[in-house]
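S.K.: Read off the chains here:
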Amino acid sequence: MKQAILSLLATATIVFAPLASAIDFDLKDPKGVNNIVFLLDAPLESINGTATGISGNVSFDPAAPESTSGKLVVAVESMSVANPKMVEHIMGARWMDAAKHPEIVYELNGLSDVKKSGNKVSGTANGTMTIKGVSKELAIPVSLSYLEGKLADRQRTPGDILVIRSSFSISRSDFDVNAGQQEDKVADEIELRLSLAGIAPKKS
Amino acid sequence: MKALGTRIAAVGVMLLGLLTWIYGGAQIGFYKTYYSVQRVDEITELEYQERVEAFLPGIETLVIAFAAFVVLLSASVILERRSENA
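Protein chains in written order, with this note's numbering: chain A, -19 to 184; chain B, 2 to 87.
These aren't lab readings, by the way, just hints derived from the structure by calculation. Each residue gets a CB set at the ideal place from its N, CA and C atoms; glycine is no exception. There could be a bad hint or two in this list.
[As the list claims (entries may be wrong)] Facing chain A, from chain B, some residues (calculated, C-beta under 8 Å): (1) Tyr32; (2) Thr45; (3) Glu48; (4) Gln50; (5) Phe67.
[Claimed, not checked] A few chain A residues facing chain B, derived, Cβ under 7 Å: (6) Asn15; (7) Ser47; (8) Lys130.
When you get a sec, could you build the whole thing from the sequences and use the hints?
M.R.: Quick look at the structure:
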């Protein structure tokens, strides 16, 4: 009986050990630095803007980065461009329909093609992107920098920071965002540049 | 005399529109209510944009100035014909 309990404990240790060392990073940055830049280059007009209403979390294990998972949530209302009329259009039902679909969500399931170099990890993030109620599997290039103990330097709180960078393009027609319409003024291809910092304060 | 004054005003409005547009950065797009300044977070080295509130006239400033120019120029022609007939 004693031996059975011991072997059960040993198995549990082996199975759950990787989970135990994963660190949960909160993507709601109190410094307000986190941002996503969106760029659209149509023949008649170039649009560039930012989204700053970012929340969610990333579970990252420095020893096993391929098991990284998490959820990135972007508030549609936080998308802004410098022309207020254009913002009104973006929020409208034909484009992002912010009233019905207030969030853009990316569910991260794991990383593949992982390359490690010091505290930096690069690879392909595999997950599901949901925009305007349409979900698509999306593999995006991503680089992570694990800054152990650096939260103290930034916010005077002991803890770690995970910096996430990515640059990729999506097609608005794939997500039914006024698909096939006004492509001379609003490009179908949207370039996205993610600059995110997740924070993990140490629990005392 | 009134016609000449209206023509000078037409050219003045067009010039004012053009100069305002150039002063605002000669943007091809529509007007903007802010511009962004690039910043870098010291610890994370992430780039982010800081918003600076400002009115930047867009291409519609030129369109309005041109429309005013055409209206004033037409008015000057009408005034000139009236003075000739009087």
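S.K.: Each hint needs a verdict: does it hold in this structure or not?
M.R.: Quick rundown of the hints versus the structure:
This hint holds: Tyr32 (chain B) has a C-beta 6 Å from the nearest C-beta of chain A, less than the 8 Å allowed. Interface hint status for Thr45 (chain B): upheld, as the beta-carbon distance to the closest one in chain A is roughly 5 Å, under 8 Å. Because the smallest distance between the Cβ of Glu48 (chain B) and any Cβ of chain A comes to about 6 Å, under 8 Å, the interface hint for this residue holds. Interface restraint check for Gln50 (chain B): the shortest CB-CB distance to chain A comes to about 6 Å, inside 8 Å, so the restraint holds.
Interface restraint check: Phe67 (chain B) against chain A, minimum CB-CB distance 19 Å, threshold 8 Å, status violated. Satisfaction of the interface hint for Asn15 (chain A) is found here, the shortest Cβ-Cβ separation to chain B being roughly 5 Å, below the 7 Å cut-off. Here the hint on Ser47 (chain A) is broken, as its CB sits about 23 Å from the closest CB of chain B, past 7 Å. A cut of 7 Å between beta carbons decides the hint on Lys130 (chain A): the least distance to chain B is about 6 Å, and the hint holds.
The structure is inconsistent with the numbered hints 5, 7, although it conforms to all the rest.
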